[in-house]
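S.K.: Spelled out from the first residue to the last, the chains are:
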Amino acid sequence: MKEGAELRSEREFPHGKSGQGVGARLPRKEDDRLMRGRGQYVADIRLAGLQDVAFVRSPVAHARIRGIHVPERYRGSVFTAADLVGIKPIRAVSGLPGFKISEQPVLATGKVRQVGELVAMCLAPTRAEAEDIAASVTLDLEELPAVTDMLKAREADTALVHEHWGDNVFLETVYEVDISAALDAPIKVTREISTARQCMSPLEGRGVVATFDRRLDQLTLHSAAQMPHITRSGLAECLGMEEGQIRVISPDVGGGFGHKGILLPEEVCLSWLTMRNGHPVRWLEDRREHLIASSNCREHHYKITVYADGDGTLRGIDCEATVDSGAYSSYPFSACLEAAQVASILPGPYKMPAYRCRTFSVATNKCPILPYRGVARTGVCFALELMLDLVAAEAGLEPGEVRLRNLVRPEQMPFDNITKKHFDSGDYPEAMRRALAAVDIEAIRARQSKGEADGRRIGVGVSIYCEQAAHGTSVYSGWGIPMVPGHEQASARLTPDGGLELRVGVHSHGQGMETTLAQVAHEILGIDVARIRIILGDTAMTPYSTGTWGSRSMVMAGGAVATACRELGERARRIGAKLLQHDSASVVLQNGEVRGVNGSVSIQTIAHTWYRRPQDLPADVDPGGLEVTQGYKPVRDSGTFSYAAHAALVAVDPDLGEVEILDYVIVEDGGVLVNPLVVDGQIYGGLAQGIGTALYEEMPFDASGQPLATTLADYLLPGPTEVPAARLDHMETPSPYTQFGVKGIGEGGAIAPPAAIANAVNDALRPLGAELTQSPITPHRVVEAVLAARAAERSAA
Amino acid sequence: MKPAPFSYERPRDLDAALSMLAASGSSAKIIAGGQSLGPMLNLRLVQPELIVDISGLAELKRAEVSDGELVIGALVTHADIEDGRTTDVTRGAMRAVAANIAYRAVRNRGTIGGSLSHADPAADWISALAALGARVALRSLAGARMMAIEAFVLGALESALQTGEIVEAIHVPPRAASAHWGYAKSCRKTGEFAHAIGAVLIDPVAASARVVIGAIDTTPIVVTDAAELFGGRIAADYKQRFDIGVANGLLAKAGIDDAAQRHIHVSVLKRAVLEAAA
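Just so you know, the sequences run in chain order A and B.
The numbers in full-length UniProt numbering rise by one with no breaks, and the one at position 279 of the first sequence is 279.
The numbers in full-length UniProt numbering rise by one with no breaks, and the one at position 76 of the second sequence is 76.
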């Protein structure tokens, strides 16, 4: 470990020390703009003639539409599916065998299948007036029984979300490796474990400003989107247009988390409307729409059995996992990604000889479920890590000890686990050991034996996970969804004054890409990061990319930028050699200049000469110029595996059910860190979301399918007072497959906290006999568990 | 999340406000700090034809001691009380309650009269003021009337206010030197509405106590003759004599079927009793 770090900072990446290259804790370039309120988000865009849209949304979860009544005075301002002639529904098909296709009309036709589904589009000069129009539209609906419970949805005689399927299952998968070999294990623990449905809740909601340019014959869609090129492909399919007729611009984006990765029916509707009416139109998601009608996430259920030997060695896992996928398959991720991933990632970083996992992606009358930061991993980590604590209790071992016994060891790297996930590098036991030492497990056990003066109970919990990032073609072609990432492209252009422009197809909505990609370019070309502009978020300006998702941007776009900059540097070096009148083999590019034995010439001079004084160049100069586009893929595209061990110390009030996080430790290995400051920010932000999953966030539904947490008074998000000052420790095991050895780290912070916190709560309550296996851990659930344990104790006595 | 259209008036004095309210009947809503009404308008949960903004009524912003009682105008903000800009006859009890209402931004604008008028069962003042034995002064063109807080709050978001009537002031009796005060609440997170409130004013010398269990789904449980909660008599050893079984019974009688909910309420009340005794 230590050797690797030295290698990184002193030999391989000399600019880490210059304060700007790979490894530098450089403050984010974009923050100067964003922190001064000079960012520009979709809602800040003002176009002449802009009008606002509000939608009539379904008030019920499941109904046949018998009629839509628009008052006479508003005809012409209200549009329904009948108006959208030629617009195709959103189809996100998975190639996995047995996947059932849903078609999501952009405005409802025939039936509504979730509360909040778009029924009609209302246009007015302001949003308030558009809402007045929407309120005047009445719907004649024949209500149908709603499917709200994903487990009951699979039973016979239940209502059907999509009648022609014959059942409510998008997809069923099975993964099995010799499960019979585990059945005779002395330790066998079975539980039902579940995670609540959540809303992704970025600070900025979705938003669309659409306009059409008749001269260019081009639709421009400004959208708060993570994946503008994918949005364009999806739009072109739905609208029946050439991709070249569509330009998607995603300006500053205030958080994505997956919510901004999907093609919205609203994007299709507004595109149609601006082309019909000839003026710009706007729709901005408000918080109520976000909570009621937008993307949901995380709702998993596990029936899981873990088999182990008496010493805690894992013998196998047998699991049936169900994901509530909601009403429709979203573009491009589809309704199956979440559940089908569960089967492949459940074993995590542990060794085991036997495994079986059956998964169900179930359709219900709720919002489509979407991949949220951590995707299926947060639920998987919650289920598996809770089970490992139960194995530890059965074996009479410390929970940390059970992990150390079963984690893949560094000498086994690279390692293919039981589901053939290829772990590139790392020392997982070391991360766990460091976390246990940092939280000081022995001191906690001593404190627990004394009890707390305030009557609360303290508990400690650990969890560990692996985060597969930047997985590419070989992985996604297997899912068969509409989007399969290939080679990532980057364009690098020296400007005549020696500055650098980088064009990338990924986006930045909090990740700090404007800084970190500049650091990568600086590492290679030596150009001051202040003189490097990152151009992103515009399909007309950037190379095609699947965009920013799956913790892929640093690995993929960083790799592409490095590759493009190397080629650009090579061209500059050859021009520089000509200017120095040297043989090109005898000069090197170093610290922003080309050096030969008799002198040097700066990149700035080279650029100036190339663009402004070509007469100074010899006739045989390479005509390629100082603008290059290069593609990149890691040596292996099965993904980088970053990981972290989390340890939480909590205090639980068994009578009030309140949980306070007293200490939180994260030991993270994200490979070589391009900017540790940015990585710390990613981890803190992820932790906040993980705490939300663990303790606060839940979107409940009543039996008729009504969402019940429709404002932020009911849908609780963690705030500054709920997020502790976590202590971070970094390990840096390079990936053998990527540029600089970087790994993707964007999601990890949100994966492990629910498991660590739940394990800590259960550790605190174990002497009382109480156990929680459902997130979020609310005061009510804690007290319910404590009372149930007391009742059980009484009846036993 | 934009309000339906409404008319807006900002009267200069109370009489003008009362006239406007009387003229528009039940189609008018009063706005003061707007901390609850604002979101309700945006969500179109209420769609009044007229909003009467009373924030210009200087006579409702006063707080003074009269006949030994503190009379707080309806427009006094939580922050006014928190910061001690109003006289305190409760020996710190009201300041402490005010300081823990929602967030500072809410306290800066939210008013004590608005909080009572809104009658949200989870809000602090309806429980705290009931425990303190406060009364509320109401006024309309037809005249004035006064009632105990517990009589004013009729249910969730339901008060005794009649059409055309406004909360003018709150009358808070002084807290006796021998009276102990305890106030506890449990919130999912800092600044959120409580899901359990316990408020107690216990005077072992006078052998009297007022006990409130608040933040239940309906109007708070106000026990003015609380001896039963303390084993039949209220004396210096009330902390030891507090009977959680009786409190649990009160909650069951109030229709709270969920045992865990009752347990949380009883535990919060117990915490208030312990605080009073501390």
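What the hints contain is simulated information worked out from the structure, not anything from laboratory work.
None of these values were measured; they are calculated from a predicted model.
Backbone N, C-alpha and C fix where the C-beta goes; we use that ideal spot for every residue, glycine too.
Honestly, I wouldn't trust all of these hints.
Examples of chain B residues lying across from chain A (beta carbon under 7 Å, computed) [claimed, not checked]:
hint	residue
1	Met1
2	Lys2
3	Arg91
4	Arg95
5	Ala99
6	Asn100
7	Thr190
Far from chain B, some chain A residues (derived; all Cβ distances over 12 Å) [to be verified]:
hint	residue
8	Arg127
9	Val782
10	Val786
11	Arg790
Here are the simulated distance ranges between beta carbons [as the list claims (entries may be wrong)]:
hint	chain 1	residue 1	chain 2	residue 2	range
12	B	Val246	A	Ala703	32 to 42 Å
13	B	Ala144	A	Lys152	29 to 39 Å
14	A	Thr190	B	Gly232	45 to 55 Å
15	A	Arg790	B	Asp67	49 to 59 Å
16	B	Gln240	A	Pro27	50 to 60 Å
S.K.: For each hint, tell me whether it holds in the structure or not.
M.R.: Hints and how they fare:
Restraint check, B/Met1 versus chain A: the minimum CB separation of about 4 Å is within 7 Å; hint holds. Here the hint on B/Lys2 is kept, as its CB sits about 4 Å from the closest CB of chain A, short of 7 Å. The criterion of a C-beta within 7 Å of any C-beta in chain A is not met by B/Arg91, whose closest approach is roughly 25 Å, and the hint is violated. Taking 7 Å as the C-beta contact cut-off toward chain A, the hint placing B/Arg95 at the interface is violated, the least distance being around 21 Å.
A least Cβ separation of about 15 Å between B/Ala99 and chain A goes past the 7 Å threshold, and the interface hint is therefore violated. Look at B/Asn100: its Cβ only gets to about 12 Å from chain A, farther than 7 Å, so that hint breaks. This hint holds: B/Thr190 has a C-beta 4 Å from the nearest C-beta of chain A, less than the 7 Å allowed. The beta carbon of A/Arg127 is not kept farther than 12 Å from every beta carbon of chain B, the shortest such distance being approximately 6 Å.
Its closest Cβ contact with chain B, about 9 Å, brings A/Val782 to no more than 12 Å, contrary to its assignment away from the interface. Annotated as non-interface, A/Val786 brings its C-beta within 12 Å of a C-beta of chain B; the closest such distance is 8 Å. A cut-off of 12 Å between C-beta atoms contradicts the statement that A/Arg790 is not in contact with chain B; the least separation is 10 Å. Distance hint for B/Val246 and A/Ala703: a CB-CB separation of about 35 Å, consistent with the stated range 32 to 42 Å.
A hinted range of 29 to 39 Å for the beta carbons of B/Ala144 and A/Lys152 is inconsistent with their spacing of about 57 Å. Against the hinted window of 45 to 55 Å, the Cβ-Cβ separation of A/Thr190 and B/Gly232 comes to about 50 Å, which satisfies the hint. In this structure the hint that A/Arg790 and B/Asp67 lie 49 to 59 Å apart at CB holds, the actual value being about 51 Å. Our hint of 50 to 60 Å for B/Gln240 and A/Pro27 holds, since their Cβ atoms are close to 59 Å apart.
The structure is inconsistent with the numbered hints 3, 4, 5, 6, 8, 9, 10, 11, 13, although it conforms to all the rest.
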